[in-house]
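Protein sequence lines, in the order shown, are assigned to chains A and U. Going left to right, the first sequence walks through residues 117 to 563 as the numbering used here numbers them. Going left to right, the second sequence walks through residues 117 to 563 as the numbering used here numbers them.
These aren't lab readings, by the way, just hints derived from the structure by calculation. Just so we're clear, the structure is a prediction, and the values are computed from it rather than from any experiment. Ideal Cβ positions, reconstructed from N, Cα and C, are used throughout, including at glycine. Hints may contain errors.
Said to hold, decoys possible - Pulled from the structure, derived: some chain U residues nowhere near chain A, Cβ distances all over 10 Å:
#, residue
1, 181
2, 217
3, 223
4, 224
5, 225
6, 226
7, 275
8, 298
9, 374
10, 401
11, 506
Unchecked claim - Just the calculated beta-carbon pair ranges, DEER-fashion:
#, chain 1, residue 1, chain 2, residue 2, range
12, U, 556, A, 509, 30 to 38 Å
13, U, 121, A, 165, 50 to 58 Å
14, A, 555, U, 201, 44 to 52 Å
There are 2 protein chains.
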Amino acid sequence: MPTITSVEVTDVRFPTSVTADGSDAMNKDGDYSAVYVVLHTDGLDSDGAPLAGHGLTFTIGRGNDVVALAARQQAAQLVGGDVDAAAADMGGLYRDLTSDSQLRWLGPEKGAVHLSLAAVLNAAWDLAARRASKPLWRLLADLTPEELVDVADLRYLSDVLTREEAIALLRAKEPTKTERIAHLEQSGYPVYTTSAGWLGYSDDKLRRLCQEAVDAGYGHVKLKVGANLDDDVRRLAIAREVIGPDRRLMIDANQVWDVPQAIDWVRELARFDPLWIEEPTSPDDILGHAAVRAAVAPVRVATGEHCHNRVMFKQLFQAEAIDYCQLDTGRLASINEIVAVLLLAAKFGVPVCPHAGGVGLCEMVQHVSVLDYVAVAGDLTDRVTEYVDHLHEHFTDPCIVADTGTGAGYVLPTAPGYSTRMHPESVARFRFPDGEYWKTASHVPHG
Amino acid sequence: MPTITSVEVTDVRFPTSVTADGSDAMNKDGDYSAVYVVLHTDGLDSDGAPLAGHGLTFTIGRGNDVVALAARQQAAQLVGGDVDAAAADMGGLYRDLTSDSQLRWLGPEKGAVHLSLAAVLNAAWDLAARRASKPLWRLLADLTPEELVDVADLRYLSDVLTREEAIALLRAKEPTKTERIAHLEQSGYPVYTTSAGWLGYSDDKLRRLCQEAVDAGYGHVKLKVGANLDDDVRRLAIAREVIGPDRRLMIDANQVWDVPQAIDWVRELARFDPLWIEEPTSPDDILGHAAVRAAVAPVRVATGEHCHNRVMFKQLFQAEAIDYCQLDTGRLASINEIVAVLLLAAKFGVPVCPHAGGVGLCEMVQHVSVLDYVAVAGDLTDRVTEYVDHLHEHFTDPCIVADTGTGAGYVLPTAPGYSTRMHPESVARFRFPDGEYWKTASHVPHG
Chain A
117 MPTITSVEVT DVRFPTSVTA DGSDAMNKDG DYSAVYVVLH TDGLDSDGAP LAGHGLTFTI
177 GRGNDVVALA ARQQAAQLVG GDVDAAAADM GGLYRDLTSD SQLRWLGPEK GAVHLSLAAV
237 LNAAWDLAAR RASKPLWRLL ADLTPEELVD VADLRYLSDV LTREEAIALL RAKEPTKTER
297 IAHLEQSGYP VYTTSAGWLG YSDDKLRRLC QEAVDAGYGH VKLKVGANLD DDVRRLAIAR
357 EVIGPDRRLM IDANQVWDVP QAIDWVRELA RFDPLWIEEP TSPDDILGHA AVRAAVAPVR
417 VATGEHCHNR VMFKQLFQAE AIDYCQLDTG RLASINEIVA VLLLAAKFGV PVCPHAGGVG
477 LCEMVQHVSV LDYVAVAGDL TDRVTEYVDH LHEHFTDPCI VADTGTGAGY VLPTAPGYST
537 RMHPESVARF RFPDGEYWKT ASHVPHG
Chain U
117 MPTITSVEVT DVRFPTSVTA DGSDAMNKDG DYSAVYVVLH TDGLDSDGAP LAGHGLTFTI
177 GRGNDVVALA ARQQAAQLVG GDVDAAAADM GGLYRDLTSD SQLRWLGPEK GAVHLSLAAV
237 LNAAWDLAAR RASKPLWRLL ADLTPEELVD VADLRYLSDV LTREEAIALL RAKEPTKTER
297 IAHLEQSGYP VYTTSAGWLG YSDDKLRRLC QEAVDAGYGH VKLKVGANLD DDVRRLAIAR
357 EVIGPDRRLM IDANQVWDVP QAIDWVRELA RFDPLWIEEP TSPDDILGHA AVRAAVAPVR
417 VATGEHCHNR VMFKQLFQAE AIDYCQLDTG RLASINEIVA VLLLAAKFGV PVCPHAGGVG
477 LCEMVQHVSV LDYVAVAGDL TDRVTEYVDH LHEHFTDPCI VADTGTGAGY VLPTAPGYST
537 RMHPESVARF RFPDGEYWKT ASHVPHG
């Protein structure tokens, strides 16, 4: 009967702004960062190593300490808890963590206290999966429809999805789960890459990276746009030339436009046949996304990395505002809220293509996409999950992307947990502000 | 040429949960708190006292430190700045404070970093008004339409309100400003009271407070509902009996319901003829509010205290989801964002009735409501601003509510600033966790 004995919350920051990795029209100088939560226990895992849960949320630098402070307060409630009791009632654990009415005022269900909640709950889910000696997707896929719905937060959703509908939806997919798992074991889960298209990269680097993506078997490439229309036209022409007419090209504006400007700009870029425009305007603007979508068809609309909770996704679906749901595993309140969004998306027939730049997001989204295919949506049509090829070296069980003959795909994770355990050396080196890197860095984050 | 020499950010918490002041169906045990920001300068005010700006945002206890940490980082950017230069370009100051792309990730424009921004900007606006030796409403009402629009954040709004429309809207009200100021000097700005109806109060206390509200000249009384239908029926019957059929009764559910439940519950309470149902469901649920509004008419729908930014208000108006806009001066990013919402509300013809429970919110909203009447909406029809009668003793220029013969109203503020300066003794006593009160309190906040 292991018990959670202590909590460790660390502000970890990687100096990605030095190389313009991750640069886009809104976020010019991000230092990819994580609020990293470890739930220590007095138990052992199946290898005889100390049992612990590891979770994180992603930020881009300054303010990571604000989220860490909130995470410390939320995670402290878990200390002393029985691991098996928590794992057996993850819905109850979620409700305990979200029922603090005073902290709720800071959102509700958004901003720093929701990001921190994601980190804490991600650690709890990692712990539950490690305790069960299963990768997290498998732990979830093995649940009955009732059990899976019990972990989901359906509050504020009953006008479009009742508990009974959710169970029925899962039941319909239950008999064919094993076939889909077998398919993923063979082919992996389809991915696309954003690594080629950061705004801070030169044309030469863009051309080279697009070619590398083609060579690696990618069928989709995504470019950042929105800072300068002439630059966008030139860069999209290069990308389309390199990838050819048949591979998919996506564009991402990272919220820089007002609605009328988004419509005008996307129409200018439509000649490069983009599959989707991502984050055309404020992530809060549900009706604005619906207006953009109606105006720029056949270019489709994608959003979600800043969509702060299930109530916003519900409305994006109700308003027919998006063609792709890009939920974020560091922004939604972990599996409990993610399963609710997967159920909503399945009901509305919107494909889920999770956001996964950042730190550790790729590690997490592979579990979510696999769960979605195996147990919820049961479909790969129009599904493609983001992959960005940096910072994986800091994880003990990094995600793996490989081309198994049908195009690049996430290889089905097999290690126990949520794949979010970082190397202790990485945490120590990049801990802010007193890790080895930051103590001696010539790169000092401004502000 | 005074300069901002230092910033002081204090976590101040008042033990309101001891007496159930402020209790409602969602927030059972709030300790009304403020993140209190003081911008010190090397100048003097018109009385020869040290010139400083004082601002705050409101929370209900735990997490106040999280907001304070963010406020310290944001406010630090102002140190060394010239007061007159800042006051002459408050739109520029706003853009400087909101342009930190790394901190932006924690929202964007929502949650802890937006609350903290409100506190910092509120202090900057108090400073600007004190430097001009004017109450803030007067400083703003004296601006030209172009100047007032220059301070407003119109980003993401151009699909419904252009800069030119905003200027035209203000110009139409300009010639008659002085008449409206004269009216407010005589009659005050109409208020209602929530002090009677907190959920934690007994029936006897409810009855007594309703009678006191009637005796004090209030034409409106608001009650909290949503925890238990039988209790609500009994309490509403008492309130309606005391205030009679002609005074207005409002009800507030503080987000506890899903949409279908909100509709059913409000229909049950409709027999008590409530003017509005406030916060029937999640504050993020724009389409949900629209559905509730359509279903419960003629009961009207009000929301806004948790509406996190102007983009959400834009959609509440577009979707015809609300009858009353209850913007919050601690949640929106101060005057810059508030003026944008006042302009939107005026364009859509939705009356603004600001939220004002909490600490210092009444002190601020009187300026906002006066500005709205004098320079933006130019109308008192259906307008009534909240007033709650506790914690004013901690402010050096508390708001004053009086019945001047036409019902209770906020007396037009005349002291320079935003009325948000607290007594140093109050700040010292209730500073958390090391102020005199908390060091010796038998009341220890749980969690």
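Verification of the hints:
no.: 1; hint: 181; in the structure: violated (7 Å)
no.: 2; hint: 217; in the structure: violated (5 Å)
no.: 3; hint: 223; in the structure: violated (6 Å)
no.: 4; hint: 224; in the structure: violated (6 Å)
no.: 5; hint: 225; in the structure: violated (7 Å)
no.: 6; hint: 226; in the structure: violated (5 Å)
no.: 7; hint: 275; in the structure: violated (4 Å)
no.: 8; hint: 298; in the structure: holds (39 Å)
no.: 9; hint: 374; in the structure: violated (4 Å)
no.: 10; hint: 401; in the structure: violated (5 Å)
no.: 11; hint: 506; in the structure: holds (17 Å)
no.: 12; hint: U:556 - A:509: 30 to 38 Å; in the structure: violated (52 Å)
no.: 13; hint: U:121 - A:165: 50 to 58 Å; in the structure: holds (54 Å)
no.: 14; hint: A:555 - U:201: 44 to 52 Å; in the structure: violated (37 Å)
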